[in-house]
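**Q** For reference, the chains in residue letters:
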Amino acid sequence: MHLILFIIFAALCLTGAVNLLFQKQPINSALSLIVVMTSLAVLYLLLGAEFLAAAQVIVYAGAIMVLFTFVVMLLNAGREERTLGSRAYRTVGFPAVAAILAVIATSFIKLQGFGSARIDDHITSTADLSAVLFTKLLLPFEVTSVLILVAILGSVALARKGDAEGREPK
Amino acid sequence: MHIVSHEVPLVWYLILSAVLFCLGVVGFLIKRNLITVFMSIELMLNAVNLSFVTFAHQWHEVKGQIFVFFVMMVAAAEAAVGLAIIIAVFRARSTLAVDRIDLMKL
Amino acid sequence: MTILQFFLWSVLKVIVVTVVLLLAVAYTVLLERKLVGRIQNRWGPNRVGPFGLLQPLVDGAKSFLKEDIIPTAVYRPLYLLAPIIALSCALISIGVVPFGDPGITGPGNFHFFQIADVNIGLLVILGITSIGVYGIALAGWSSNNKYSLLGSLRSSAQLVSYELALGLSLVGVVLRSGSLNLDTIVATQSTHGALSWNLFGGFQFIAFFIYLMAAFAETNRAPFDLPEAESELTAGYHTEYSSMKFAMFFMAEYANMITVGCVATLLFLGGWTSPFGNLLPTPDNIVIRSLLPMFWFVFKVFGFLCLYVWVRGTLPRFRYDQLMNYGWRWLMPLAILNIVGTSLWLAYR
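Residue numbers (my numbering), protein chains in the order written: chain A, 1 to 170; chain B, 1 to 106; chain C, 1 to 349.
Next up, chain A with everything else stripped away, as it sits in the complex (with noise of 0.2 Å):
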């Protein structure tokens, strides 16, 4: 049972990241990094967490990819150009990105003493999660929350109209 939802959700995902590569209109982009997305959630929840999964859907799928497609809609982002530029990040890049893929992976595949997961092992719950949480981890986790407060600033000062005195486009 495991091994049948692994396969079909990590081929969803593969599917959803090379689409993604492949689309011209960059809502097709959006709409494949959410199929990603999504079945990454399940993926975790195979995994056993199971908040992860649900925060990973809520927060990735639904606030983050909404914000994604809204500015799409809104700037009416049309078919990709082609590029003007030079062409030497195909020469550097894609070598470099096999390199990455191959170091990570033999690395992976040489751990030792890696187990592997059953459809009924252990679900870390939401209460033992919160627990480490808000008593070990509190420290950041209030970090955190002053980093959005920030970022809210942040985006509010460089998505408004007008120059930096806050008077008003002519």
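If you're looking for bench data, these hints aren't it; they were derived computationally from the structure.
Please read all numbers here as calculations on a predicted model, not as lab measurements.
For glycine and all other residues, C-beta sits at the position ideal for the given N, C-alpha and C.
You may find that some hints are simply not true.
Only part of the chain B face toward chain A is listed, based on derived beta-carbon distances under 8 Å [to be verified]:
#1 TYR13
#2 ALA56
#3 ILE66
#4 ALA75
Position chains B and C relative to chain A; hints supplied.
**A** Just chains B and C now, kept in the frame of chain A:
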């Protein structure tokens, strides 16, 4: 093999996350639209999250999952600021092609 | 109970629940037309069948037989995908709602009244609702029509803003019951009838009010129906849709209303428990004992739907800036105050 006992080796999850990460890097390199370049970054973040959850499962450690939670929060902040920057850039240059956004000043 | 039996039983449950939900959607439309008719001092539909009771079937047949027009300028893949996303998201989230007493189980601890008992049931509902935005957003974008685009831009902004208030208003309830499992949340409200409901006994009436407002906005209902405001945007995001595709959006809206009613019932009104608690004796007959909780559940959801229609018939539509101000400046801070108050009360009780 493990296939008979219907288990999935955790290494498969890790390799999936590595492949997703590299697809994100490729997307970052070949996409020419500011928004899709940003989406590739989100793909990379997601790939790393998957490996965090896998390690958390292997070592029965809750902190791995909490780290993913923090990554999500930072990604949300990043998306808000990043998209605001994209809107500001679009307002100034009325294009989203990264090739055309090559001046530091108007 | 073997895997195969479990699978067959689950498929049976899914079919029964889907059919009942679709029927309920059809008759909610009739309920709304009748009630709004009475509020506006007219009769509403009364020609097809006794009291117009067959009207939904005729409406369904009509929209099924209409010509399906696809405008030439639309972006076809997403135009076709959007109503499917909207309807399926609206139907899926009912899957975790418990309709009846989970104490009455079949062989192998099998739940009769709930498709799936999930530990994080509440979050599942929130997640699926947040995916449902894409149906509306993509419909507006792919239609290639400025009214549709305006409608879907409004809708995505509205949904994202009000989802925060909605989520925060539920935190008080979750704090009180200490669980995200819908069965557990209902069980913590079942001791003294209506007195132990979260709405009264839990002092969550502020949260209930916020939930109500945010739920109206989430389902795009009046007074928050700006995405499809017919006096300014023709029909908003579904302007270019006809025939069955339009009917799918219509059904999605009403199915969402029913889901929201179910969630309000589960979280604030004690779910399937009787409002009289132990004042009424528990019936001995197993059939009555399993049907009575379902009756209470349906009764509460019905009351909630009537409230929906009443509000629609009474209040005028907001202006867009009023909507955003109301969501961010009033509901959000109020929800946060409610969380602080509830947690202080729980800590020093």
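**Q** Hints first: check each against the structure and report whether it holds.
**A** Outcome of the hint check:
| no. | hint | result |
| --- | --- | --- |
| 1 | TYR13 | holds, 7 Å |
| 2 | ALA56 | holds, 7 Å |
| 3 | ILE66 | holds, 5 Å |
| 4 | ALA75 | holds, 6 Å |
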